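Taken in order, these protein sequences are the chains called A and B.
Position one of the first sequence corresponds to residue 1 (our numbering), numbered consecutively onward.
Position one of the second sequence corresponds to residue 1 (our numbering), numbered consecutively onward.
None of these hints come from the bench; they were simulated from the model.
A hint or two may mislead.
If you want the ones that stay clear, here's a sample from chain A, every Cβ over 12 Å from chain B, calculated [as the list claims (entries may be wrong)]:
hint: 1; residue: K37
hint: 2; residue: E48
hint: 3; residue: M83
hint: 4; residue: P85
hint: 5; residue: C89
hint: 6; residue: N107
hint: 7; residue: D126
hint: 8; residue: D130
hint: 9; residue: S176
hint: 10; residue: G183
hint: 11; residue: K186
hint: 12; residue: F203
hint: 13; residue: P220
hint: 14; residue: K297
Chain B regions said to be covered by chain A (calculated; three or more residues, Cβ under 8 Å) [stated by the list, open to error]:
hint: 15; segment: 1–11
hint: 16; segment: 16–25
hint: 17; segment: 57–71
Remember, predicted model here, so these are calculated numbers, not experimental data.
Note that beta-carbon positions come from the ideal geometry of N, C-alpha and C, so glycine has one too.
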Amino acid sequence: MKIEIGKISYQLASKKASVFDFKEENPDWDINQIVSKTGVETVYVSDENETALDLCIKAAKKLNFDPDEIGACIFVTQSPDYMLPTSACIAQDELGLSKNIAAFDINLGCSGFIYALSVAKGILQDLKKDKILILCGDTYTKFIRNNDRTCRPVFSDAGSAVIISKSKSKMSGPFSFGTDGSGYDKLIVRNRATKIENNFDNFIHMNGAEVLMFTMSNVPKGVNQLIEESGLKFEDIDFFLFHQASTIVLDNIQRKLKIPNEKMPRNNKYIGNTVSATIPILMKDLISEGKIKKNDKILMFGFGVGYSFGGCILEY
Amino acid sequence: MKKENILQLIKEALDAENEINDDSSEENIPEWDSLGHLSILTALDEATGGKASAISDLSEATSVKKIFDIFEKEGIIE
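One chain only, chain A, in its complex shape (with noise of 0.2 Å):
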């Protein structure tokens, strides 16, 4: 089964922050020397009422594509309205998708579109119908204290779609997957889920120091099989493009790897670390300023909680 991305749509949420201006309610933040690093200026942040449902919703509403040609919705999230009923499942209500397909959700963080493109390329087979809608949204930012300098300048809330179709002729892989649930607690939110733990609180913790090391240590070598299974050169992939984690992570693979800038294009700058959705909201960027054209391989790697990675290359 061959697949090929169609329409891409993204939502971001309805405030829009300036990083500089979280060194009001933190006198004591180096915002540059912050900056520097993470490369975020603008994060963009959810309403109290604004859920990642809410925005994959309005994502999709701006694809104009035929509900009943939809087989499958598949929704990668960790920051679900409900602990049950799965968020897919009201996707297909609110977007008026037919009774006659597949709903269901990914809990993965930033590699999940990767794990949906390969779940969507293996169900594809199984639907009576040709195209399947991929919805990836989170609202971290539900989860950071206000003084938590590691994640508050870098997420940003947002919700994306991407049809996915069958295709006769386009690359649709190698794909590569790996998991290290040994670094289960360097990104981590606890009791907000079913496990009590008392001597935790129930906001965002993450070890940003583990995170890069276990990101230097497994992407670039990710990247590096992905190209020799698919038996094309480096100098072939035509863009690389990687989840947006932030500036310092980003140049350290960039520098592994030895991508030209113009093959590596990054909008951390602008929208921030949008989790699942960063990948899908970049290549729609790239779409809409012509940099992507039709047929150009694209090396797609997402990478971080879990720790869960996951790289595919796709012809567009």
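Keeping the supplied structure of chain A fixed, place chain B upon it in accordance with the hints.
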């Protein structure tokens, strides 16, 4: 690597005002905060040709002594 090169590398990574010596750590170097530590890790990885990023203990090595201990164990220090 030589120890003095590592000390210089840490000073540059932190853009530290004070000299970095064997007793320097996050406790006594103001620039050695969590963000500064990321710069040190990056610089060490670059200087070791990528060896440093494969040493998971390094992420918690927030003193010169700990970095020296790890690098000696790994055979990176001459």
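A quick look at each hint next to the structure:
no.: 1; hint: K37; verdict: violated, 5 Å
no.: 2; hint: E48; verdict: holds, 29 Å
no.: 3; hint: M83; verdict: holds, 32 Å
no.: 4; hint: P85; verdict: holds, 39 Å
no.: 5; hint: C89; verdict: holds, 40 Å
no.: 6; hint: N107; verdict: holds, 25 Å
no.: 7; hint: D126; verdict: holds, 40 Å
no.: 8; hint: D130; verdict: holds, 42 Å
no.: 9; hint: S176; verdict: holds, 19 Å
no.: 10; hint: G183; verdict: violated, 9 Å
no.: 11; hint: K186; verdict: violated, 9 Å
no.: 12; hint: F203; verdict: holds, 16 Å
no.: 13; hint: P220; verdict: violated, 8 Å
no.: 14; hint: K297; verdict: holds, 26 Å
no.: 15; hint: 1–11; verdict: violated (count 0)
no.: 16; hint: 16–25; verdict: violated (count 0)
no.: 17; hint: 57–71; verdict: holds (count 3)
In summary, the structure is inconsistent with hints 1, 10, 11, 13, 15 and 16 from the numbered list given earlier, while agreeing with the others.
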